[in-house]
Amino acid sequence: MIQLKQICRDFEVGDQQVHALDRVSLDIDRGEYVAIMGPSGSGKSTLLNIIGLLDRPSAGSYILDGENVTTLPDAVQSRIRRDKIGFVFQFFHLVPRLTAAENTELPLVLAGFPPAERRARVDHILEAVGLAERKDHKPDQLSGGQRQRVAIARATILEPAVILADEPTGNLDRASGREVLEVLEKLNRENITLIIVTHDPDIAGRTARQIHIVDGRIDRDIATRRVHEGG
Amino acid sequence: MRAADVLRFTAKALRGYSLRTALMLVAIAIGVAAVVILTSLGEGARRFVIGEFTSLGTHLLIVLPGRSETTGAAPPLLGQTPRDLTIDDALALTRIRTVRRIAPIAVGTAAVSFGRRDRDSIVVGSTSEFLTIRHLEVGQGRFLPPADPRRASPVAVIGAKIRQELFGPKKALGGWVRIGDRRFRVIGVLASEGRSIGIDLEEVVVIPVASALTLFNTASLFRILVEARAREVIPQARRSIIETIQARHEGEDDITVITQDAVLATFDRILRALTLTVAGIAAISLVVAGILIMNVMLVAVSQRTAEIGLLKALGAPAHTITVLFVTEAGVLSLAGALLGFMAGEAGSWIIGRAYPDFPVGSPWWAVVAALTVALVTGLVFSVLPARRAAQLDPVQALSRR
Ligand SMILES: Nc1ncnc2c1ncn2[C@@H]1O[C@H](COP(=O)(O)OP(=O)(O)OP(=O)(O)O)[C@@H](O)[C@H]1O
Ligand SMILES: [Mg+2]
Chain L
1 MIQLKQICRD
11 FEVGDQQVHA
21 LDRVSLDIDR
31 GEYVAIMGPS
41 GSGKSTLLNI
51 IGLLDRPSAG
61 SYILDGENVT
71 TLPDAVQSRI
81 RRDKIGFVFQ
91 FFHLVPRLTA
101 AENTELPLVL
111 AGFPPAERRA
121 RVDHILEAVG
131 LAERKDHKPD
141 QLSGGQRQRV
151 AIARATILEP
161 AVILADEPTG
171 NLDRASGREV
181 LEVLEKLNRE
191 NITLIIVTHD
201 PDIAGRTARQ
211 IHIVDGRIDR
221 DIATRRVHEG
231 G
Chain S
1001 MRAADVLRFT
1011 AKALRGYSLR
1021 TALMLVAIAI
1031 GVAAVVILTS
1041 LGEGARRFVI
1051 GEFTSLGTHL
1061 LIVLPGRSET
1071 TGAAPPLLGQ
1081 TPRDLTIDDA
1091 LALTRIRTVR
1101 RIAPIAVGTA
1111 AVSFGRRDRD
1121 SIVVGSTSEF
1131 LTIRHLEVGQ
1141 GRFLPPADPR
1151 RASPVAVIGA
1161 KIRQELFGPK
1171 KALGGWVRIG
1181 DRRFRVIGVL
1191 ASEGRSIGID
1201 LEEVVVIPVA
1211 SALTLFNTAS
1221 LFRILVEARA
1231 REVIPQARRS
1241 IIETIQARHE
1251 GEDDITVITQ
1261 DAVLATFDRI
1271 LRALTLTVAG
1281 IAAISLVVAG
1291 ILIMNVMLVA
1301 VSQRTAEIGL
1311 LKALGAPAHT
1321 ITVLFVTEAG
1331 VLSLAGALLG
1341 FMAGEAGSWI
1351 IGRAYPDFPV
1361 GSPWWAVVAA
1371 LTVALVTGLV
1381 FSVLPARRAA
1391 QLDPVQALSR
1401 R
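If you read the protein sequences in the order shown, they are chains L and S.
Sequential numbering from 1 applies to the first sequence in the working numbering.
Sequential numbering from 1001 applies to the second sequence in the working numbering.
All the given hints hold, so there is nothing to weed out.
Example chain L residues on the side facing chain S (calculated, C-beta under 8 Å, incomplete):
1) 49
2) 75
3) 78
4) 87
5) 95
6) 106
7) 107
8) 112
Calculated from the structure, these hints are not laboratory results.
Glycine is no exception: its CB is placed at the ideal position from the N, C-alpha and C atoms.
Just chain S, same shape as in the assembly:
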C-alpha cells in the first residue's frame, strides 16, 4: 500500500468518526497547550527575575547590617543588627582598590506634601553615586549633587508619579515639598524608567543620605550598594569589604555581603526547577491523553471489526492493518499536538499582551518535548490496539453483520 494511500485512508476513517476524532484532538491539544503555557509562564518568571537583577548592575555587591549564616544567598530574615552600619563605614569602603563606587542607602516611608496635596511615599536617602549604580535617568533638572555624604542638605529628587500627584500641571523644579517635618527643594524628577527590584522608582523621593538618617532619626544605613571595578574582582572586593568593616567594628564580623551573581544563580536554579516541575505535571496530561488514545483506538478496532476482516479478505496482510491503525493514531496525535501548540502559543501571546512587563515565551526545549511526547505517546499507545486489529480472525470478523 502506498504511503499517500495510507494517509488518505486514515484521513477518511478519521473524518468518518468525527466526534471521536474531535475528542481525541482536544485531549491531546489540551496536554500540549498546558505544557506550552505553563513552561512559558515559568520561563517568563525566570526572565523577569533575572531582568530585575541585571537592572541593578552586574558588578554589584550589597552590604547589609547583621550576620546571615546562609552565606549570601538571601538577605537575613532573622539576623540581629548588633552594630549600626554607618556613613563612615560606607566611606571606608571607597578606599578599597577593587571598589569603583559606593552608594549608602537609608530607606523609610514618610508623608510627602506640597501645598494641600500629600501622600505617603518611600524616601530613599543616598548620594550622587546612586544614580550611576542603579542606572537611573533624570527626566527634569538634575540628581543629588556630589557632596560630603555626612552633610545633610534640603534637596530632593522625586519620582515621576509623585511629581504628577503633588504638582499636577504645575512646575515642580524649584518647588518646596514637605517630607515628614522638614522642607526640601525639588531639584530633579526621575525619568519614568519603570521598576527595579521591588521598588517602583516612579513613586520614590530621593534625598541626601544624611538628611534621611536625621529624618528617620537613626544612625544605621539600610544597606550599602558597592560597585566593583570588574566582574572578576567581585570575590576580592567581597573579602576586602568584610575585612574593612570588621576592622572598624572591633573585629566583629557583623555584616552580610550579597553578590549579584550568587543571588542570580540561586533564582535561576529555583525558577528553572519550577519550570521543569510544571512542565512535568503538564506532561502527565499528555500521558493521560495517550491512554485515552489507546482506549478510543480499542473501541475503534471493535467498531470496525468487519472492516478489518474485509481488508484481510481483500488481501491486506497483518502488517498493513497495523500500519493503518498506527498511522491513524499518529496523524491524530500530530494534529492534536500542532493544535495544542498553536493554542499554547496563542495563550502565551495573550498573557504577554495582558502583562507586558512579564516576558512570557515558552523555551524551545519545552515545545519540542511537548510535541515529541504527544507524538510518541500517540504511537506507543496505538500499538496494542493496532496489533489486536492485525491479529483479528477474518472469519469471525466477517461473520458478524
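Same shape as in the complex, but just chain L:
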C-alpha cells in the first residue's frame, strides 16, 4: 500500500546540508501495525510527514495505493490527504474555540458533507472513542487523554486507510496513554494501517513491526509476532 523508493529529504541550514532522510526504501501493507523508533533527530517525524504528504521528498518516489503521488500538485495531494490519511499529533492540535464535536466534524466540513450526515457520523465516532458525553466540551475542559481521543475521532471520521501518529502518547500519563493506544489498536483491527512514531519500548513491543531509524537511514526493520491485548 505504501511504497517508498530511495526517499531523501535534505534541509538547508545556513550553508550546511542536513540529510534528514537518506535513501529510505520501505514497503508497508494495508492493515499493518508499525512502530517507527530511533534517537531524537534521526528523521522519524520527517518520514511520517512525507508518508502523510505534508512534506515532499528531495529525491526518490512515493507510491500510495499504486499511484505515484510524489510530485502531484498541492490541490490533489490535499484531497488524497483528506480521503486516505488521518493524523494524530503529540500536541493534539485541537482548535481551542471549537467543541469536541466540532473539532471531530472539521474534516467533514472541509470536505463539504451535508450537516445531517455530519451529525450522525460525529455522534457515532465519539461514541466509539467513549466521548459521547463530552461532545459539547471545549478542549480546555478535557483531559489530555480525552483530547487525544477527540483527535483520533477527527483523524478517523473520514475512514482513512492509514493513521499516522507522531508520539501520540508523548504528552500523556501512562494510564491515558494506554487508553489512547487501545483506541488506535481497535481501529487497526478494523484493517486500518497504523504507523506510530514512539520512543516507548512498551508501545513498540505491542506492534507487529518495528522500524529503527538512525541518522536518516533504516537501521533495522524487525517483524515480530503481533501481540493483541488479551489475545
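Please build the complex by placing chain S with the ligands on the supplied structure of chain L, with the hints as guidance.
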C-alpha cells in the same frame, strides 16, 4: 467547503477573538460613520443655501449700485458707489417688457419704540410689490398699500417678534410706533414665516421706501429686486436693466446685476466640492481602517499558525485557507460598515433634531461609496495575510505546540 460552513467557521473564529473583532469593527465603523455624517452635513449646507435662495424666487434679479468686475457671482465687496441708485431708476425699470414687477429696497437700522418699550431693529423701506416678490405673508392687517413709491407715508408693517416685544399682549394694529425720530402707524404684522437670505423676517419693520430714505437721510437705494416675466427671459431682462440704467446715468455702467441662477449655481458648485472634500478626507480613515485590518489579520495568521497547519493536514487545499481568511475580513468589514452606517445615520438624525432648520441627510452616493470602500479595503487588505496563511508550511506550523 460549503459557503454556509465557511461563514459559520468565520463567525466562530471572530467570536473566538472578540477583542480583536470588536476593535476592527469600531475602526471600520468610525470610518463609515465619518463619511456618512460629514457628507450629510455638507449636503445639508448645500440644501440649506439653495433653499434660502429659492425662497427668494427663481425669476429674481438683484440690482446693486456700484460696478463689480466679478460678473455677478458675488455682491461687490470693494466696489465704489459712484452714483446713487434712486427710486426714479427703479421706476424706469418697470417700463422694460421682460420685467413683471420691481421692489426698490432701502435698508438701515433704527430704534423702534412703543410706549416705554424700545429696541433696535432692521428697517426695510420698500413698496407693496415687496410682499409678492419675497413671497411674504401677512399675519394680521395688511401690507403696504400700492402707492407712488416717491411719496412717503407714516405706515409700518412689523415682524412677529417685534410685535411681541413691543406690544406684548396688547393690540398692535393701529398703534403708533416711533422709528428713529418719526411716528408710524402699524397697519400689519408679518406672519412668522421664518428666515429668508440673511434677514430674520420676524425682526424687521417694513415702511414705504420714500419714508425710509428720509429716515436714513440718503438718496440711494440699497438694491432693487426685479422679477422677470419668466425664467427664460432673465438674460434679456438683465441686458435691458443695464441699458436702462446706463442711459439714465449718462452712459456710465455703474451697477451690478446679480441673477439668482448664477449665484445658485456658484454656491451649488462650491458646496458640492466641499462635500466631496470632506467625504474624501473621511474616506482616508477607511483606508487607515483597511491597513489596520491587514495588520490584525497578519497577527491572526501568526496566532493561528497551528490551526492553519492542522486544516492543511486535514486536507484543506491552499485555496480553502485563502477563502477562509478573506471571508473573515469581508464579514468584519461588512459588519463594521453596517454598524458605521447606522451610527452615521443616527448621528445625522440627531443633528437634524438639534437643528431643525438645517436639512441634513447624506446623499445616497456617499452611503454607497462608504460601504463599498469599506468592503473593498477590507477584502483587498486581507489578501496578503490570507495568501501568507495559505502558503504556510504545514510541517512547520504543526511542529510548534
Ligand atoms: N524544517 C527543518 N529545517 C531544517 N532542519 C530540519 C527541519 N526539520 C527537521 N530538520 C532536521 O532533520 C532531522 C530530523 O528531524 P525529525 O524532526 O524528523 O527528527 P525526529 O526523529 O522526529 O526527532 P524527535 O524524536 O526529536 O522528534 C533533524 O536533524 C532536524 O534538525
Ligand atoms: Mg519527531
